[in-house]
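Here is what each chain is made of, one letter per residue.
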Amino acid sequence: ASERGGRPKVVATIFPQYDFARAIGGDRIELSMLLKPGMDSHSYSPSPQDIINIQNCDLFIYIGGENDHWVEKILDSFDEGKGPKTLKLIDSVSAVEEELAEGMQEEDHGHGHDHGHAHEDGAEEDGHEHEAEYDEHIWTSPRNAEKMAAAIKEALASVDPENSSFYEENARAYAAELEKLDEDFRRTTDGGGRRLLVFGDRFPFRYLTDEYGLKYAAAFPGCSAESEASAATVAYLIDKVRKENVPVVFHIEMSDEKTADAICRETGAKKMLLHSCHNLSREEIEEGATYVALMRKNLENLKEALN
Amino acid sequence: MDLIAEMLSYKFLVRAATVGLMVSLCAALLGVSLVLKRYSMIGDGLSHVGFGALAAAVATGASPLGLSIPVVIVAAVLLMRLTDGSGIKGDAAIGLISTSSLAAGVTAISLSSGINTDVCNYMFGSILAMSKGDVRLSVATSAAVLLLFLLCYNRIFAVTFDENFARATGVNAGRYNMVIAALTGVTIAVGMRLMGALLISGLIIFPAVTSMRLFKSFRGVVLSSAAVSLSSYLAGLVLSYAAGLPAGASIVLVNLVFFLAFAAAGRIR
Amino acid sequence: MDLIAEMLSYKFLVRAATVGLMVSLCAALLGVSLVLKRYSMIGDGLSHVGFGALAAAVATGASPLGLSIPVVIVAAVLLMRLTDGSGIKGDAAIGLISTSSLAAGVTAISLSSGINTDVCNYMFGSILAMSKGDVRLSVATSAAVLLLFLLCYNRIFAVTFDENFARATGVNAGRYNMVIAALTGVTIAVGMRLMGALLISGLIIFPAVTSMRLFKSFRGVVLSSAAVSLSSYLAGLVLSYAAGLPAGASIVLVNLVFFLAFAAAGRIR
Amino acid sequence: MAALVCRGLCAAYGGREALHGVDFELPAGAFLAVVGPNGSGKSTLIKALLGLIKPSAGTVKLEEGVGRSGIGYMPQQSESRGDFPATVYETVISGRLGRLGLRPFYGRQDRREAEKNLRLMGLWELRTRAFRELSGGQRQRTLLARALCAADGMLVLDEPAAGLDAETQERMYSLLRDVNKKEGATVVMVTHDLVRGAAAATHVLELDGGQKYFGEAGLWPGRAQYGSGEK
Amino acid sequence: MAALVCRGLCAAYGGREALHGVDFELPAGAFLAVVGPNGSGKSTLIKALLGLIKPSAGTVKLEEGVGRSGIGYMPQQSESRGDFPATVYETVISGRLGRLGLRPFYGRQDRREAEKNLRLMGLWELRTRAFRELSGGQRQRTLLARALCAADGMLVLDEPAAGLDAETQERMYSLLRDVNKKEGATVVMVTHDLVRGAAAATHVLELDGGQKYFGEAGLWPGRAQYGSGEK
Ligand SMILES: Nc1ncnc2c1ncn2[C@@H]1O[C@H](COP(=O)(O)OP(=O)(O)OP(=O)(O)O)[C@@H](O)[C@H]1O
Ligand SMILES: Nc1ncnc2c1ncn2[C@@H]1O[C@H](COP(=O)(O)OP(=O)(O)OP(=O)(O)O)[C@@H](O)[C@H]1O
Ligand SMILES: [Mg+2]
Ligand SMILES: [Mg+2]
Ligand SMILES: [Zn+2]
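Note that the protein sequences, when read in sequence, are chains A, B, C, D and E. Position in the first sequence counted from 1, then plus 160, gives you our numbering. Position in the second sequence counted from 1, then plus 566, gives you our numbering. Position in the third sequence counted from 1, then plus 566, gives you our numbering. Position in the fourth sequence counted from 1, then plus 57, gives you our numbering. Position in the fifth sequence counted from 1, then plus 57, gives you our numbering.
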């Protein structure tokens, strides 16, 4: 049991780490997610109850990207020694990301974070220097998910040592599942002739494309930088779809899908969803969706897009 | 010239130009009255109302767009009502209504779980992503707005300039205030959905304020607003294509250039 | 009572109450002048300026907060300048400045690579998440604002009521306009960072408009605004705790209730 | 035939009565001067006559022939339109609004009327100037020209002479007499000028919160006091 | 000693000259009536005297003794403060602003002054009323009382009589004569009332775009025309 007695209380900010903790902690932890189903992290502001929950929990798990500014402020506001043990997941994967970057061919490694264009080759500019502004969507790569799950296991074991073997066991099983997922992704992406993904939307999948050596073109950078496409970008995407006969244009969840629609209208491509797992709608939660299930669905859609 | 021909070869740009020109014409014409009546921030304010409506719609299970468009129109009418004779000025009324709706929306979200809404969806539209249905809707509503504006031009002038006088000569000032409110509501509701609140706000404020730098007659200001609005829209679109800038932001920036030019010209005279 | 004792046992709530009461008092006092000068939407408008500054800061590699706070203060001063004698009214000037900065910010983002800034981060603050440094900063600035407001009270009245008269009697109206602008800029810059633009906007507009429903003297309105603002802040915080609602939204909603009550009372009289 | 009938008219602002028990019947074609000290309810009466405020008691009836659209109204304080872009011409022709009926635009007749009144008030040279750039008296003249444009049977003027120069005042009074006598329009005018203003009138209504006097101008007791010259 | 010296004063609005070559020297303790038709530049002159607009040419000098803070100013058209919450008392005492110096609040002396002027203008009963709820003439009186509060050596009034009832006008003129004679204040007053207004004055400045006449009131040619009664 935890230091405060009873099952350890664990609070996760958004869905991916919530799901990982659920898989590892099972019913031995008291787990809750701050962002209610369907809520957008941008319009989230914590209520006093939320803060009290954070303050009184045993383990608080968050990503630590740009969108988590409020988290840092809340943690800062706790007195020394009060507050929970915290786990900042972006720390658990940053090294990995660099390692992966080395192993990849430069031309396959696009940085869609600028004009909304994808740079197919020679994308040597920035990207690597901008560690401070890391793309926070680390969980979109199953390999990163493994690292995150491992970090969560460690943290759980440290707040609740009595159950560490239970966590260890669950984590091993879950890691196997993720490994399988990774293999399937790799097989799909290696097999297909096509390497280009076109997004008529924001692009939170940088870790995914980096991982599997995919190229991408997207309308908007990142996830939280809400802006609108330029005419040149949309024209570029249309040309791209036409020239390379791209069969599928992706959009992400919780989007108005308008840009993707526009490209599809103009080119006849099919519109499909690539779920970035930020957060789920109530229906999805009620249907018992998990990270692995969502990623498997993504895999299906990827297959269609790459063939 | 080549650039333009190239642009015209994309259907989505042709659509954006058609819809954009219609909507920006409406916004510019109504903008003159709105700016004079101290409703400059109405686009920004109503976008918050739209957010509140959306949140409420999802909370109660109603159709989001089916609810938010009429709510925005009703809010525009309410706004004009709120300021009628109560001594609350336009901008304060906009502030009241918009902060209240935002607060209500945020509360609704926090009470009912399972909403995917984002205030920012209302700030930035996707001006370039219009379906045929969007085009038809906006052309039809804009045409109606333009026609009504033209027919009521003299009455709108009189009611904006001196409501008491208009009322004393037997003009139903309340009715024409409603007409202005309804036209505004429709233009903003449609424009906001297609072009986003940022751009609609800009299209309402800039042409009118710019034209007032140089023109002294109501007619001059109205005509110049229309001209400024149409030219900045086109120039902004071309700029966005040529320089790869976001479309809405480019249009606003071209408008800003017009404003600075007119202000400088007004100084010199 | 138990509820309050329970609330007081949480340090973060005590801090939120301290800072919030100070800032909301400043906002309410300045709000009276701002609403009367047609600057009701200044909170909303400056939040867009803050976004533009943030985008520019990241694009140029400057420190985001170090740039955005002074920029917001400068924008407030500029705003007052822009309306001085140019015939551009406060709300139109706010619209011009805010849409321009938003457009510039969006453009800056699209030109420089890899920025994750969000306008909406400015809409909703985290009122409950204040570090000791925040508390010190806000208490110190609020105290300064309050003191200056008190010392300049009569001059602020005169300059707001009839600037020409004040100027003719040798009062340096420009200077006091600058004082108002600077105090406003500081209050909004600090308040926005801690409480978000939604709440600051509400705290500026609601108490003043509410008090004007009942009070006819400037002094009455100022005093009542302060009282309304402080009580709604406290009531909103308690409501938020008891009902599990977002704090900022609860405070705005309590303000709305006050407004409706005062408006009804004003009708009856 | 009565142009205007007031019966037991009272008006209040937020509970405080500003006007009490005004009761008179003005024959068509009359020229009524409304007089009384500041705050005696003159402007309140005018607003009640025009339906701009609702009486708290009593009724106002206009002659059937004269619809609201035939009234030329000149307010006491035009809300300061500090930034409104409108030329003098646009302001004056907007007086013809009531006469538009279902037509959307002004016709030749409207334009001719507007031009005539511009000339009458000595505004012809200023017609393309912006209203916001006028001097106080020039604004007053513009609003008077607008009222004349609107008048078709009835003119209601709230202190039209305030701010006009001596010569224009003369011109205005003789103009009002003409409109009243030759065109047979009923004129209701609030004035503090008991010398010339009241001299032009056929009837006088003296207010002081309530109605102190109504009747022919010649019989008004105040006439003896001021009417013969300066006090 | 001259209270006011204008030398070759010109003023323009956006390139159009409204006032040209005004050149005079007003002795301290004089009572100057500024007259001229509408749009002749009277208000423009006043604004230039007070530094509210910048002359396009020429200079204005005030007597050294009288700082800006000793001037009581009453504008022609107060910007309509349709919604401003201010009581009559608050408005009137704000006239003492220039006298505050470094003090943040009004003292007993200021309050006494304000009360005196409220009574003088017959506003005592109205002192807690909101300015926005006043009738036109009551507003005019309030602004006059404010100007009197501010005056310490100099009063500058732009058509103070417009909108006042006959009795208050009388009261105002005699008050101005008192302030001028007994307290020795210099008074500059724009007026269209060539009968009573100009009669009170010691000096007359007649404008018509340029300066048509400046000199003692008795020698003013216009006096013969209007001064002896109605035209
Ligand atoms: N803000 C302004 N912009 C442009 N022109 C103006 C402005 N104010 C006044 N004028 C013009 O300047 C001239 C002088 O105006 P001014 O107000 O000084 O006249 P005045 O003598 O005070 O007239 P009145 O008796 O009507 O008050 C007029 O022709 C007027 O149209
Ligand atoms: N909007 C208002 N709210 C409250 N009271 C008002 C309002 N307007 C006028 N009053 C009051 O009603 C009374 C009558 O005002 P009214 O304007 O009718 O006077 P008036 O006879 O026109 O005076 P004046 O000669 O000064 O124009 C005054 O005591 C005034 O203070
Ligand atoms: Mg009156
Ligand atoms: Mg004048
Ligand atoms: Zn994201």
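For the record, the hints were derived by calculation from the structure and aren't laboratory data. Some hints here could point you the wrong way.
Stated by the list, open to error - Here are the simulated DSS-like cross-link-like pairs (lysine-lysine), alpha carbons at most 25 Å apart as the crow flies:
no., chain 1, residue 1, chain 2, residue 2
1, A, Lys196, A, Lys340
2, C, Lys577, A, Lys431
3, A, Lys375, A, Lys340
4, A, Lys375, A, Lys242
5, E, Lys238, E, Lys173
6, A, Lys430, A, Lys340
7, A, Lys196, A, Lys403
8, A, Lys430, B, Lys698
9, E, Lys239, E, Lys173
10, D, Lys173, D, Lys118
11, A, Lys196, A, Lys245
12, A, Lys400, A, Lys375
13, C, Lys782, E, Lys173
14, A, Lys375, A, Lys457
15, B, Lys782, E, Lys111
16, A, Lys403, A, Lys430
17, A, Lys431, A, Lys457
18, A, Lys400, B, Lys782
19, A, Lys431, B, Lys577
20, C, Lys698, A, Lys242
21, C, Lys577, A, Lys245
22, A, Lys169, A, Lys340
23, C, Lys782, A, Lys248
24, B, Lys782, A, Lys430
25, A, Lys233, C, Lys782
26, A, Lys340, A, Lys400
27, A, Lys242, C, Lys577
28, B, Lys782, A, Lys403
29, A, Lys400, A, Lys463
30, B, Lys698, A, Lys431
31, A, Lys169, A, Lys245
32, C, Lys698, C, Lys577
33, D, Lys238, C, Lys782
34, B, Lys782, D, Lys111
35, C, Lys698, A, Lys248
36, E, Lys118, E, Lys238
37, A, Lys400, B, Lys698
38, A, Lys169, C, Lys782
39, A, Lys245, C, Lys698
40, A, Lys463, A, Lys430
Now for the hints, and whether the structure bears them out:
no.	hint	result
1	A:Lys196 <-> A:Lys340	30 Å, violated
2	C:Lys577 <-> A:Lys431	50 Å, violated
3	A:Lys375 <-> A:Lys340	23 Å, holds
4	A:Lys375 <-> A:Lys242	46 Å, violated
5	E:Lys238 <-> E:Lys173	18 Å, holds
6	A:Lys430 <-> A:Lys340	28 Å, violated
7	A:Lys196 <-> A:Lys403	42 Å, violated
8	A:Lys430 <-> B:Lys698	18 Å, holds
9	E:Lys239 <-> E:Lys173	16 Å, holds
10	D:Lys173 <-> D:Lys118	31 Å, violated
11	A:Lys196 <-> A:Lys245	22 Å, holds
12	A:Lys400 <-> A:Lys375	12 Å, holds
13	C:Lys782 <-> E:Lys173	22 Å, holds
14	A:Lys375 <-> A:Lys457	20 Å, holds
15	B:Lys782 <-> E:Lys111	23 Å, holds
16	A:Lys403 <-> A:Lys430	15 Å, holds
17	A:Lys431 <-> A:Lys457	14 Å, holds
18	A:Lys400 <-> B:Lys782	50 Å, violated
19	A:Lys431 <-> B:Lys577	18 Å, holds
20	C:Lys698 <-> A:Lys242	15 Å, holds
21	C:Lys577 <-> A:Lys245	19 Å, holds
22	A:Lys169 <-> A:Lys340	30 Å, violated
23	C:Lys782 <-> A:Lys248	55 Å, violated
24	B:Lys782 <-> A:Lys430	54 Å, violated
25	A:Lys233 <-> C:Lys782	42 Å, violated
26	A:Lys340 <-> A:Lys400	32 Å, violated
27	A:Lys242 <-> C:Lys577	11 Å, holds
28	B:Lys782 <-> A:Lys403	54 Å, violated
29	A:Lys400 <-> A:Lys463	19 Å, holds
30	B:Lys698 <-> A:Lys431	17 Å, holds
31	A:Lys169 <-> A:Lys245	11 Å, holds
32	C:Lys698 <-> C:Lys577	10 Å, holds
33	D:Lys238 <-> C:Lys782	46 Å, violated
34	B:Lys782 <-> D:Lys111	36 Å, violated
35	C:Lys698 <-> A:Lys248	22 Å, holds
36	E:Lys118 <-> E:Lys238	23 Å, holds
37	A:Lys400 <-> B:Lys698	23 Å, holds
38	A:Lys169 <-> C:Lys782	55 Å, violated
39	A:Lys245 <-> C:Lys698	20 Å, holds
40	A:Lys463 <-> A:Lys430	13 Å, holds
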